[in-house]
Amino acid sequence: MSSNTEKNWKLENYEERVLQGTRVFFPPPSPIPNEPFVGRQKFINDALATWSTLDGSAPQHFRLYGPPGTGKNALIYELARILEKEIYVINGNDELDAEDIACTPTMKDNEIVYIASELAAAMLRGGICFFDEIAKAPEGSLALLAPALGMERTLKSKKAAITIPASSGFLFCAALNENEEAGKALPDYIDKRTRPAYHVGMPSLGELEIILKSHINGDADLWIQCFISLFRDSDLAPRDAIALINNARKHHEYEKTKEGNKRLSQKAVNSYLREAAKGFPGVTVASPSLPPVSKEKKEERRDMSNVLYKVLPGDGKKTSIH
Amino acid sequence: MFFIKCCLETERKPPYIKCQSYENLFVLPYVHGRLTFAQLATRAIEEGQFDVVAVDLPFFLQENKWLDFALWLFPFPSTLVIKTSMNESKSFNFVPNDAACAAVYKARQLQIENASIKYECIDDSNIINYPIESFQKLKLSVGDDYFAHVDGLDDFFIKIYKEMEQKWLSLTEEQKYFWNYRVTTVAKRLQQILKSGEKTLFVCDFRLWWLINKELVFHDVKDTGVFVIPWQDKKAALILQDPYFLWIKGVLDDYPAVVARFFGTVLKGESSNFNKLYVIEEIICEIIEEANSKKSNDLSIRNLQTFRHYLRKRLATHRRMTPSPTDDLYDAAFSCVGKSFARSILEKMLSYPSIDMEYVEFLTITHNNVSLSSSEFEIPDAFEQTFLNASDSLPAAYSYDEEKRREELAAQVMPFLKRKERMELKNYRGVTWALKKEYELHARVISMIHQVIEKKSRYYQSKKSWGSLKGGIDWKSTFRSQLQGENDIYIKKLRRHGLRSLRFNAFTPTVFIFDTKTEDYDCSAVGAVHDSNATLRNLELENDEHIIKNSPEPDCVNSVFYFVTDYQYACNNHILKGKISSILFLYGGEWMGTERYNRINLRPDKYQCREMPYDVPEIRNFLPFDMLVAFGAKYAERHIIVVADKSWQPSQQLSSFLKEKEVAMIRFPLTDLSTHLIERMKSLHIISTSLKKHSQRDIIVDRYVPDEFDS
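The listed protein sequences correspond, in order, to chains Z and C. Here numbering that gives the first Met the number 0 is used: the first residue of the first sequence is 0, the next is one more, and so on. Here numbering that gives the first Met the number 0 is used: the first residue of the second sequence is 0, the next is one more, and so on.
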C-alpha cells in the first residue's frame, strides 16, 4: 500500500467539510473508556455548574490540577457520559505548535487539504475538548486558544484561511499537574481563561476503598482490606493503588501455579502487598501499635542519648531539625 | 448586582403567621441560629405593636438579670454552660442571630423607649434534663432560609412539616414522652398569656410549634403531670464565647460579619430594611475595592467576571439564593481568582467583634431562677459542648463535613488548639522536626524547576539547513516544506547549546536566594536539617522500644541549610515559623526520615554532608548567600541551580570557587515562580517532638501552617 493510499485510508473516519472554500477533514471523537466511575461527586457538581448556562451566560471553561493518577481524565470522561457529549482529546507536548491547535496541511489526491484539530472538531460539533497536559505545550502554540476560549469563541487558522465559530454546545477543560499549577507554567492569558481551577487531590481512605472495589475484578475484598490497613499512611493515587493490588494478585496467581491452591491468609496477602509495594516509590507501610517499654530498654536509651550529641554535626545545637 | 441576578424587590410577606385558634396569637416559627428568622423577629416586633413577646427560652431565664446581661453583652456572643452530670454539659448560646434572642433584645429595646411590651420565657426548665437523642431524632435539614422572606413563612415550612410527619412516627415512645411533656408545658404557659387577651407574638422553634399547634387546636391542653426526673439544681457558668468557634458550629449563621452588620441595624432601629444578600454583596465589593487599592496581581477584571459568573451558576445549580460560605463563596474565590483573594473574603466575612479576654461567671440554676454561685467547675472545651439552641436543623448545606471544612477555614484566620490537644501537648521538648508538607512542597518546586530548565535546554528553533545538521532534522518542518513544494531540509537549532545535555536529579544542589540585602543576614543564624539513621531517629523520637544494643551507631547527614532572618512561635510554642532569606537543598527529594538518610548514605562519601557551611574554611568569608552556593557546589557533581533575582550576581570569590570545583552554575529567575509560591517558600516551619508524636499532628499542623500550594 502506498503512503498516499494509507493516508487516504486514515482519513476515512474523518468528516470532510468545505469551510470558506477550503477542504477540511474533521477528526472523529475520542472513544470514552467503559470504566466505572465512583466518588468525587463534589467535582462532578462543580464542573457541571461551571458548564451550565442556567444563569443565562455562556459555559465557562475550567482546568483540573493535581498529582498523576488521581482521576482527572476519568472525571472528564464521566462528565462526557453524564452530558452525553462527544469528547475530543488533545495531548500537550513539546512538539505541539499553533497549527496543531487549529489545522494542519496535508496532501490528499495531489491536493493540499487541511486536517482540523480536536479543538476545531469540538467547536464545530459542540463537543467537549479536553486539553490534557496543557502546560507541556510550548507557550507560543497556545496563542490560538485565547480567542477560542474568550468572548470571540472562534478558532482562526491562518494557514487554512478559515475561521471556525464555536457551536453553543462547545465545552472546554484542561488538565495539568500540581507542580505546573504551582509555578507559572501557563501563560497569563490561558490561566485566566481556564478558571475556575479545581484541585483534584488524593481521595480519602473511604473514597479510595469504593474506587478500588469498583475497579478490581473478582473477589478482592480481603486484598482491599489489607491494602487499606497496610498503606493507610501513604499518599497513593487510585491508579497506583489499583496497579499495586493487581500486581500483588498476579504474583499470588503465579505462586499458586507452583505451590497449588492454598487458602489465602491475611498474613499472606500482606506479604504479597508489601512485595508489590517495592515497585512503587513513596509507599510507606503503616506502623503497627507499639509494645510497652521495659525498664532495661529505657536505661539503654539514656546511655545512648549521651552519644547523640557526639554525632551531631557542628556544635550539636544548631542542627536539631529533622 | 454582583451575583444576585433575580429581582429581590418582591412583595414583603408578613413576618409571622396568624394563629387560627387564637385571635390574639401570632407565631414566628424559626430555625435556631439563622439570621433570616432573627431579622423577621425584629421586624415583626417593630411593625406588629405587640403587647407580649413569648419566646422558647427556658423558664428559669425569665425572672433574673442574667438573660438581660447576656443580651446586654451583644454583639459579643455568650454561652450558658450547664453541668448536667459529671461528664456532660448542655449549653444555651446567646447570639444576635437567634430569633428568640433577637426578639427579646428588641422587646427590651422598646421597653427602654417606654413602650408597653413584655417578654416571657416559656419553655420547659426541664429541657436541660431531656435526653439529647429526642432532639437529634427530629433533626431536619431546611433549605435556603432566605426563601422564608421570598415565599412567606407558611409556604416555607409546608414541605418541611411533611417531612416532620414522617420523622415524628420514627420516634420511640420515650422520645415522644419528652417532646409531649415540653409541648404541654409550653402550651399551658402560652394559654395563660393568651387568656389576658393581649396581642402576643410567639417566637418558637419550628418543630415545637408544629406540635404545639396541634395541641392548641383543641383548646384543652392536658395536664403535664410530674416530670419523670426529679428536679435538681445545677451548676452553670456564663462565658464569653469565641465567635470563630460559634461559626464553626453553625451558630453564628453563614457570615459573622453580616450578623454584626445586622446587629448594627437593630441598634439603630432599622432592621426592617436589612437584607442579608445585599450586605453579602456589599462586603464582597468592599473586599474587591481593598484588593484593587493594594494592586493585587490576582484581581483582574476577567478574574472577577469569572468569579461572578461562576458564583451565579453555582447558586442556580444548587437552587440557592444565599451562597454557602465554604462550598460557594470561598471555593469560587479560590478557584476563580486565587488563594489570597479567597483568604481576604474569609477574613472579612468572619470578622466579628470579640474581646481578647476570658469571662466566666459561675451560677446555680434552679427550676425558675438563676443565681450567682461560688462553686466552680472546669468549663468544657467549646468543641465538647452540646448546644440546645443550635447545631440543629441547619440548612441542608450544613453537615458534619461542613463543620470540618469550617474548622479548617477558621483555622486559617485564627488558628486554635482544642483543650484536649493543649493538655496532650503540655510537655515541650527541645528537639525539633521538619514538616512533611514542606518537604513535599520543596521537592515539587525543585522538580518543577528541573523540568523547566530541561525543557528550555531542549527548546530549539527550526532553521533551513545549509549543510549542517546541528541538533538533528526537524522532520515536521521538513515534511511541511516538501508538501508546499519548497523541497528543503529543516534542522533543529538549539537555543542554548551549553545546556543541551542537561539532566538533573534530586541530588542536584539547588539554592534559593530570596533576599540579597547583606544587612539582613546573620551568619550565625544558619540552620540545617539533618536526616538520621534508625538508631539516632529512635533516640531523637524517644522511641524506647527500639533495641539499641544491636543497632548500628547513631549517624546523620545534613541535607538542607538556610539563613533565618526572623522567627515566631505558634501553637503554644510547638511550632516555630522561620522567615528565611536563602535556602540550600543538597537533596531535593520528598523522602523523609530514615528513608532519606538511606538514600543519601548510598552515595559516595564525598557527596554525603556532615558539616556546616561555616565549618569549611575556604568559604567562611563569603557573603552569606554566596556561602550557601559555594557549599552546595562543594557537594555537587556537575551542576548547581541558583534560583535568584536578576539583581544577584555571584562574587568574584564565588566564581573562582565554582571554577575550581568544576561545577556549572545554572540560574533560574526567581520571578518565574508565582509570588504566592515565593512567599510560601520564604517560610519554614519546624515542630516540637511532642507535636511530632501527637496522633492528630497533621490536623493541628494544618491549622497553623498554610497549604502547600496556592492556586
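Please note: incorrect hints may appear among the correct ones.
Claimed, not checked - Cut-off 30 Å, straight-line C-alpha distance, at most; resulting in silico cross-link-like pairs (DSBU-like, lysine-lysine):
| hint | chain 1 | residue 1 | chain 2 | residue 2 |
| --- | --- | --- | --- | --- |
| 1 | C | K578 | Z | K135 |
| 2 | C | K491 | Z | K107 |
| 3 | Z | K135 | C | K463 |
| 4 | C | K681 | C | K403 |
| 5 | C | K338 | Z | K155 |
| 6 | C | K578 | C | K681 |
| 7 | C | K293 | Z | K191 |
| 8 | Z | K158 | C | K403 |
| 9 | Z | K155 | C | K491 |
| 10 | C | K455 | Z | K155 |
| 11 | C | K691 | C | K681 |
| 12 | C | K417 | Z | K135 |
| 13 | Z | K135 | C | K475 |
| 14 | C | K417 | C | K692 |
| 15 | C | K492 | Z | K158 |
Derived from the structure by calculation, the hints contain no laboratory data.
Status of each hint after checking the structure:
1. C/K578 to Z/K135: It is violated: about 33 Å lies between the C-alpha atoms, which goes past 30 Å.
2. C/K491 to Z/K107: 28 Å, holds
3. Z/K135 to C/K463: At roughly 26 Å apart (the allowed maximum being 30 Å), C/K463 and Z/K135 satisfy the hint.
4. C/K681 to C/K403: 29 Å, holds
5. C/K338 to Z/K155: Roughly 34 Å between the alpha carbons, so the hint for C/K338 and Z/K155 is violated.
6. C/K578 to C/K681: Given pair C/K578, C/K681 holds - Cα atoms ~6 Å apart, limit 30 Å.
7. C/K293 to Z/K191: Satisfied, since the Cα-Cα distance of roughly 20 Å is no more than 30 Å.
8. Z/K158 to C/K403: It is violated: about 54 Å lies between the C-alpha atoms, which goes past 30 Å.
9. Z/K155 to C/K491: 27 Å, holds
10. C/K455 to Z/K155: The given pair, whose Cα atoms are some 28 Å apart, holds under the 30 Å limit.
11. C/K691 to C/K681: 22 Å, holds
12. C/K417 to Z/K135: 45 Å, violated
13. Z/K135 to C/K475: Distance ~18 Å between Z/K135 and C/K475 Cα, so the pair holds.
14. C/K417 to C/K692: 17 Å, holds
15. C/K492 to Z/K158: 24 Å, holds
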